[in-house]
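Participant: Construct the entire structure; sequences and hints are all you get.
Protein chains: 2
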Amino acid sequence: MKQAIVARADLNMGEGKLAAQVAHASLSAYEDAGRKARKRWKGSGQKKVVLRGDSESQLFELADKAERKGLPYAIVRDAGHTELEPGTVSALAVGPGSEELVDRVTGDLPLY
Amino acid sequence: MKQAIVARADLNMGEGKLAAQVAHASLSAYEDAGRKARKRWKGSGQKKVVLRGDSESQLFELADKAERKGLPYAIVRDAGHTELEPGTVSALAVGPGSEELVDRVTGDLPLY
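Protein sequence lines, in the order shown, are assigned to chains A and B.
If you're matching positions, the first sequence starts at 1041 in the numbering used here and goes up one per residue.
If you're matching positions, the second sequence starts at 1041 in the numbering used here and goes up one per residue.
Do not take every clue at face value.
Which copy? The list can't say, so a pair holds if one copy fits it or any two copies do.
[Claimed, not checked] Once the Cα atoms are required to be at most 30 Å apart in a straight line, the calculated DSBU-like pairs of lysine-lysine come out as:
#1 1076 - 1105
#2 1076 - 1109
#3 1105 - 1082
#4 1079 - 1109
No lab work stands behind these hints: they were computed from the structure.
Facilitator: Dropping the structure here:
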């Protein structure tokens, strides 16, 4: 079981900002998951990988792929109080789900 | 309502690694919170701040402070598969809780 979080490298977010967006995406996708998937993922150490995306359209395409595979996912839009324009899509989390299934959605992306 | 996540800057984690540790801490403290606090925090946009810590002992002191104030919190130890030694304490999340109460624990720390 794992969760993959794809964050937009093209936005040049600061480290703390990036971490907050990733955490937001992670928690939201977790909440979108079923009780069984949540439990299995937590029981196995809640494995996470943070991956590098490069555009809003890419994140939406990946979200669509996750949807079609029946995986939980969440897109994060920044509230825009600080570094980003309000409503900027900054991150997508996919899973928790089986490693194989998550990899079919995000497996081609480099580590952040 | 907010949650503060204190990550150790002295470990010089890469950006993606840092984000994963922060997400791990965030979710674990969230799970430690009561149903009411979780709901109120999510309803108000799950505000998060990522702050800069500089030692393991500091994180434990802050965790102790959170405990005494009755705030949910979680300490993250890295599994050590990649950048860090196994068991390294990398991050602490405090809250969700009222902004005032969380600030009494972590209010003096700089943004990451």
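Participant: Hint by hint, say whether it matches the structure.
Facilitator: To see whether the hints hold, each was checked on the structure:
no.: 1; hint: 1076 - 1105; verdict: within (21 Å within a copy, 34 Å between copies)
no.: 2; hint: 1076 - 1109; verdict: within (17 Å within a copy, 33 Å between copies)
no.: 3; hint: 1105 - 1082; verdict: both (24 Å within a copy, 26 Å between copies)
no.: 4; hint: 1079 - 1109; verdict: both (20 Å within a copy, 29 Å between copies)
Violated hints: none; the structure is consistent with every hint.
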